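J.: Build the full structure now, drawing on both the sequences and the hints.
Now for the letters of each chain:
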Amino acid sequence: MNFNSAAELATPGVPQVVIPPMSWRRRFTDKAMTAVAALTVILVLLPLFAIFAYLVYKGIGSINLAFLTQTPKPVGEPGGGMANAIVGSMVILAIASVIGVPLGIGAGIFLSEYGRNRYGDIVRFVSDVLNGVPSIVIGIVAYGLVVMRQKHFSALAGGVALAIMMIPTIARTTEQMLLLVPQAIREAAYGLGVSRWRTTLSITLRTAISGVITGVMLAFARVAGETAPLLFTAFGNQFWNWKSDQPTAALSLQIFTYAISPFDEWHRQAWAGALVLIVLIVGAVSAVRIAVKHGTLSGA
Amino acid sequence: MSNQALPRPRFDAPDPERETKAALKIEARTAPLLQGKVSEIPDAVFGWAMRLCGIAVVAVLGLIVYQLLIGSSLSWHAFGFKFFGQSDWNPVEDQYGALPFIYGTLVSSLLSLLIAVPLAVGVAVFITEISPARFRGALSFTTELLAAIPSVVYGLWAIFVLVPILRLYVQPFLGKTLGWTGFFSGPPYGIGMLAAGVILAIMVIPIISSITREVLTVVPQHQREAVLALGATRWEMIRMGVLRNARAGIVGAIILGLGRALGETMAVTMVIGNRPEIAKSLFAPGYTMASVLANEFTEATGDLYLSALIEIGLALFFVTIVVNALARLMVWSVTRGQPAKSLV
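Chains as they are written, first to last, in our numbering: chain A, 1 to 300; chain B, 1 to 344.
A portion of the hints provided could be inaccurate.
Derived CB-CB ranges, DEER-like [stated by the list, open to error]:
| hint | chain 1 | residue 1 | chain 2 | residue 2 | range |
| --- | --- | --- | --- | --- | --- |
| 1 | B | G231 | A | V279 | 49 to 55 Å |
| 2 | A | P182 | B | P220 | 22 to 28 Å |
| 3 | A | P262 | B | L228 | 57 to 63 Å |
| 4 | B | A133 | A | W242 | 52 to 58 Å |
| 5 | A | Y57 | B | K176 | 28 to 34 Å |
| 6 | B | Y66 | A | Q70 | 38 to 44 Å |
Calculated directly from the structure, the hints in this document are not laboratory data. Predicted model only: the values in this text are computed from it and were never measured. Note that the Cβ used here is the ideal one computed from N, Cα and C, for glycine as well.
T.: See below:
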């Protein structure tokens with residue numbers, strides 16, 4: 001059927017509503033705003049690509065065996081590397097994980113299994129508040145807690161600072177993941193006569209383990225690149241250090257020191273360090289993701 | 001085992017079924033599992049261990065407040081409220097005033113929001129309302145990658161890429177066209193308040209846009225359909241049906257971004273110029289509360305010096321807590337109790 005005008009469509013006796021054609025202004029505004037929105041996406045993605053491109057471009061050329069195996073050389077001498085900083089970062093992160101992961105997961109279990117009440121709400125609010133505390137302030141606290149007592153900067157102090165930053169993230173993601181486990185599964189376990197703690201650990205946590213691990217990795221990735229809380233806790237070190245109560249080098253600290261230095265050689269190494277840092281973070285996160293998906297934990 | 005809850009007729013004779021060997025065997029096997037008494041102690045221990053972890057979270061916050069209060073008491077007694085109103089920062093004469101740092105923190109954060117908010121909201125709108133569904137996941141993942149880059153790497157990039165661009169192109173242009181306002185005057189160093197604002201903007205965009213996205217997706221679909229049915233264009237639908245409904249949540253997202261910008265340390269320290277001065281021009285170097293802590297904390301020689309720095313930390317702590325609590329309330333008012341996803 002073909003109608004040539006609105007008049008032909010109209011039923012006799014029914015008042016006719018004429019919809020005016022859309023004004024060019026409205027159509028133009030629509031198109032313009034769509035374009036603006038697309039433009040913002042481009043503007044936001046631009047720095048992202050610029051950063052990655054620069055990182056790879058500047059970093060790759062400076063990474064060599066010496067960079068990965070040697071300690072920093074004094075100013076003016078070419079060569080040297082960040083081996084001690086790479087190891088130092090790993091030590092600090094290991095200490096942070098040993099303290100932060102059990103506490104965080106424990107707090108998460110408390111929130112989901114025991115904290116569906118007023119006390120849980122308090123802990124939930126406090127952990128959200130902790131999440132927003134600037135990292136440099138946490139550095140001050142770790143300084144007062146550990147450095148002042150030990151009388152010197154140490155990997156332990158750095159680890160404590162990073163652990164404090166990990167706890168709220170891990171607690172909240174663990175809680176959310178455990179809450180996704182259907183109540184019926186818990187009840188099935190109780191019905192078989194399994195005790196509550198056994199149910200929580202072997203049934204609930206095990207069901208949600210991949211999500212919990214993702215949360216842990218999120219927290220890990222977040223603190224792995226942190227510099228501010230390490231400035232006056234781990235402090236940095238130009239040499240090898242194997243003691244947890246001595247100033248320890250960290251990759252992020254070394255990048256900072258080198259970036260604000262006036263020496264080209266150090267700038268080059270800062271880029272290389274930044275590339276190594278990102279590769280380590282991404283590597284650690286994807287390794288755990290893959291382990292969760294395909295490896296020993298896949299049945300969990 | 002017999003079910004005690006059900007009324008059973010009483011038999012004088014022993015229950016014949018219970019006497020059989022097979023029944024006894026089954027009971028022997030199941031009894032330990034079914035009797036709650038066996039596992040009460042480990043249950044209690046585990047329950048309290050988990051509660052202890054919860055208490056630890058609260059204790060950590062208490063510890064932070066305690067450490068900051070103790071550490072800053074010396075400076076508090078020496079200067080009182082004047083500490084926040086004085087602009088004299090002179091470690092040699094032991095005179096400390098936090099005003100230049102407060103000013104620098106506020107100006108750099110607000111400047112960053114000025115740049116970041118339109119971009120972040122634009123990205124969120126594009127991803128949720130305009131982009132084809134198959135690009136949605138990839139786009140949001142890529143924008144959130146921005147949040148995964150460590151602060152020190154942002155700083156590094158800012159020193160060697162952003163600052164030269166600002167110095168060579170952006171600042172001369174701004175100086176020529178808008179120099180008369182006074183905000184864009186003076187020599188174009190590159191390093192300064194403007195550079196800090198720009199790098200901060202790049203860093204807070206993923207936070208604002210991811211929460212805005214979350215807020216936009218909870219706006220009910222029928223709101224969109226209603227506005228479209230009235231003959232609105234897509235943009236009118238976004239403006240009237242989506243953005244207006246999500247207002248409170250978007251403001252919350254912006255304030256959360258502000259919270260992050262206020263406490264951001266490394267990237268800002270690397271490009272802001274680190275001079276405790278209050279200047280009108282955005283080209284001039286400045287200093288923020290977080291930066292002064294990063295730069296001077298390990299070098300603070302006197303007790304009063306250290307205490308003054310810790311007091312700045314205390315002020316920063318309280319400001320960010322108030323800002324964050326406010327933001328969470330606003331986001332919560334839109335997403336109705338669904339907790340905002342963990343913020344990277």
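J.: So, for every hint listed, does it hold in this structure?
T.: Taking the hints in turn, this is what the structure says about them:
1. B:G231 with A:V279: 49 to 55 Å: 53 Å, holds
2. A:P182 with B:P220: 22 to 28 Å: Given range 22 to 28 Å: holds, Cβ gap about 27 Å.
3. A:P262 with B:L228: 57 to 63 Å: Taking Cβ atoms as reference, P262 of chain A and L228 of chain B lie about 60 Å apart, which means the hint holds.
4. B:A133 with A:W242: 52 to 58 Å: The hint (52 to 58 Å, Cβ to Cβ) holds, given that A133 of chain B and W242 of chain A are roughly 54 Å apart.
5. A:Y57 with B:K176: 28 to 34 Å: Given a distance of about 32 Å, which is inside 28 to 34 Å, the answer is holds.
6. B:Y66 with A:Q70: 38 to 44 Å: 43 Å, holds
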